[in-house]
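Colleague: Sequence:
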Amino acid sequence: MSLLVGLTAEKAGGIMTIKSMTMESMNMKKSSRQLQKEQTKEVILNKAYQLFARQGIMNTRMSDIAQGAEVSHGTVFAHFQTQERLVTEVIHIYGEKMARRTHEAASTCEHMEELLAAHLTGIGEFEPFYTRLVIENRLLPPEARDVWVSIQSAISFHFSQVAQREISSGLINDHPLYLLFNTWVGLLHHYLTNGDLFAPEGNVIGRYGDMLVEHYMRMIRREGSQAVAAPGSCPATS
Numbered sequence: 003m004s005l006l007v008g009l010t011a012e013k014a015g016g017i018m019t020i021k022s023m024t025m026e027s028m029n030m031k032k033s034s035r036q037l038q039k040e041q042t043k044e045v046i047l048n049k050a051y052q053l054f055a056r057q058g059i060m061n062t063r064m065s066d067i068a069q070g071a072e073v074s075h076g077t078v079f080a081h082f083q084t085q086e087r088l089v090t091e092v093i094h095i096y097g098e099k100m101a102r103r104t105h106e107a108a109s110t111c112e113h114m115e116e117l118l119a120a121h122l123t124g125i126g127e128f129e130p131f132y133t134r135l136v137i138e139n140r141l142l143p144p145e146a147r148d149v150w151v152s153i154q155s156a157i158s159f160h161f162s163q164v165a166q167r168e169i170s171s172g173l174i175n176d177h178p179l180y181l182l183f184n185t186w187v188g189l190l191h192h193y194l195t196n197g198d199l200f201a202p203e204g205n206v207i208g209r210y211g212d213m214l215v216e217h218y219m220r221m222i223r224r225e226g227s228q229a230v231a232a233p234g235s236c237p238a239t240s
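Sequential numbering of the sequence shown, starting at 3, is according to this note's numbering.
It should be emphasised that the hints constitute simulated quantities derived from the structure, not laboratory data.
C-beta atoms are modelled at their ideal positions from N, C-alpha and C, and glycine is treated no differently.
Do not rely on the hints blindly, as some may be mistaken.
Here are the in silico distance ranges between beta carbons for each label pair [stated by the list, open to error]:
#1 220 x 84: 40 to 50 Å
#2 87 x 205: 26 to 36 Å
#3 99 x 72: 17 to 27 Å
#4 84 x 112: 19 to 29 Å
#5 191 x 34: 27 to 37 Å
#6 58 x 221: 27 to 37 Å
#7 65 x 212: 33 to 43 Å
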């Protein structure tokens with residue numbers, strides 16, 4: 003009886019070991035499949051970003067993205083279901099990157115000239131994509147447009163703080179903050195929207211950024227005053 007129990011227990015132990023090994027193998031396969039799935043999704047998102055920047059957001063088809071990412075049309079739909087979801091996710095990912103970069107560049111700026119240069123730095127590395135957002139934002143899905151608003155909010159917060167301080171110090175003219183901000187953004191966006199005329203080779207910010215900052219400051223600076231940047235108060239811009 004004890005021998006039978008021992009054999010049964012040994013057999014059961016062997017079965018448990020096999021089951022354990024099988025489960026471990028299945029988990030490894032699942033992890034591998036999941037990793038591959040995530041990598042494929044990242045490739046699709048990156049290619050979509052590149053195409054949106056180059057040929058426009060609403061002008062890019064799912065088939066264009068599938069071809070560029072070297073995956074099937076069905077694979078793109080399996081990951082995102084609809085074009086609207088894909089557009090929203092791309093804008094969410096890269097919009098957050100722009101907002102974060104802008105916040106990092108502007109968070110320690112003390113003077114308006116520094117802040118404007120930091121704003122240009124924040125969006126500069128994403129200029130082609132940002133320009134598409136400027137041109138097409140009213141055509142975007144609601145969730146994607148919310149991301150666009152958050153990008154503007156990232157700089158608006160810092161802009162308002164610096165503007166209020168320099169108005170109080172008598173460095174710039176006392177205008178409503180929203181007009182000061184909208185005037186700057188309108189000037190910048192005009193150049194970006196018409197980049198094919200101002201900079202056919204691309205890189206509007208690199209070519210005109212300093213000029214736009216200087217021109218804007220001449221418009222708002224109080225006569226006889228000149229802002230002096232505090233050494234080391236703001237990250238270097240390029």
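Colleague: Which numbered hints does this structure break?
Modeller: 4, 5
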